[in-house]
Amino acid sequence: MAETENKKTILADLIPYIVMGVFLLLVQIISVMLAQPMIDEGMQFTEDPDSVWNSIYYIGLILGFTLLILYAFKKNIKWFIHGFILFAVVATLYYVFLAIFAIFMGETASIILTLVLSLALTVLLYRFPEWYVIDIIGILIGAGVTAIIGISFGVMPTLILLILLAVYDAISVYQTKHMLALAEGVMDMKVPILFVIPNHLDFSFREYKYEKDAKREAFFMGLGDAIMPTILVVSANVFITEGYMNLPLLGLLNMPALGAALGTIVGFAALMALVARGNPQAGLPFLNTGAILGYVAGCLAAGVSII
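Residue numbers (my numbering): 1 to 307.
Calculated from the structure, these hints are not laboratory results.
Note that CB positions come from ideal geometry on N, CA and C, so glycine has one too.
Some clues are possibly wrong.
[Unchecked claim] Restraint-style ranges between C-beta atoms, simulated for each label pair:
{"no.": "1", "residue 1": "P248", "residue 2": "T108", "range": "32 to 38 Å"}
{"no.": "2", "residue 1": "A301", "residue 2": "D188", "range": "41 to 47 Å"}
{"no.": "3", "residue 1": "T108", "residue 2": "K209", "range": "42 to 48 Å"}
{"no.": "4", "residue 1": "M245", "residue 2": "V123", "range": "40 to 46 Å"}
{"no.": "5", "residue 1": "Y210", "residue 2": "I59", "range": "45 to 51 Å"}
{"no.": "6", "residue 1": "F45", "residue 2": "D188", "range": "29 to 35 Å"}
{"no.": "7", "residue 1": "L70", "residue 2": "R277", "range": "33 to 39 Å"}
{"no.": "8", "residue 1": "L25", "residue 2": "N76", "range": "35 to 41 Å"}
With the sequences and hints as input, model every part of the structure.
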């Protein structure tokens, strides 16, 4: 009896980590499925996807937005950042739903339905930011952002981007620690830039207030931890034209992209093993490294060039 109870306790402890892994997998699957419809709708935002300057510009945007958020927290103008994020939510949902609906219906009908659904979900998020609303919208946004960047960045700019972001994430968590302060402040906004996995179903994210030494009621994973490594999955599948396989649901997926996806999951497992010890960890050094190594392994298995 004691052994059975112990197994149940271990399984219960593992559930939040398993759910986070499922969220990561969903972002991977949906972003790969969105890639071609978004290409068909002309949603790439760069004219030269192979330019390494794309990575530099993107890093600059991340640093600039981080500084803006920290400044807003210091000056107590969170409402500005909150409004900006909500605008980004409705805009991203618009691109996601437009790419989907354009497959099944005409331009006018798809635009109207997209606008209605995107605005309705954003209003729901603003009025009722419960954890399951945050997570569902977060998966859609994560997949949408990943697909848009993945179809816009070639493999080389993506590899550079992932390396730079892994270094930045490590510095911001372990050295300057501003990423931890950023995460704490963002939790109060109740917006989908992180995944929320509660320890019990009675948990309410709407009423949740972060307290450093309080008992853990939920697990959190930044949305960027799902987005960044998966950009390589999408980019490899779009810009490498060899080594394709036909997979259920995903359709055509090449070996380098599959390797990047599997490598991300391995990196995630290593990350969760450390997180389980109770200390916050920088996710991207593990996830991006896993994605890159998996990509390299996939290229070697398919006999295609790494770069």
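Query - Cβ separation of A301 and D188, checked against the hinted range 41 to 47 Å - result: holds (46 Å)
Requested in this report: For F45 and D188, compare the CB-CB distance with the range 29 to 35 Å and indicate the outcome.
Outcome: At 31 Å between Cβs, range holds.
Report task. Could you tell me whether the CB distance from M245 to V123 stays inside 40 to 46 Å? Result -> Cβ of M245 to Cβ of V123: about 41 Å, so the range 40 to 46 Å holds.
Query raised in the report: If you check the beta carbons of L25 and N76, does the distance land in 35 to 41 Å?
Result: With Cβ atoms ~38 Å apart, the hint holds.
Query raised in the report: Does 33 to 39 Å hold as the CB distance between L70 and R277, or does it fail?
Result: violated (28 Å)
**Report entry** Beta-carbon spacing of P248 to T108 - inside the hinted bounds 32 to 38 Å or not
**Finding:** The hinted range 32 to 38 Å holds for P248 and T108, with Cβ atoms some 33 Å apart.
Query raised in the report: Is it true that Y210 and I59 lie within 45 to 51 Å of each other by Cβ?
Result: Since the Cβ atoms of Y210 and I59 sit about 28 Å apart, the hinted range of 45 to 51 Å is violated.
Query raised in the report: Range hint 42 to 48 Å: satisfied by the CB atoms of T108 and K209?
Result: Holds, since T108 and K209 (Cβ atoms, about 45 Å apart) stay within the stated range.
Of the hints listed earlier, those the structure fails to meet are numbers 5, 7, in rising order.
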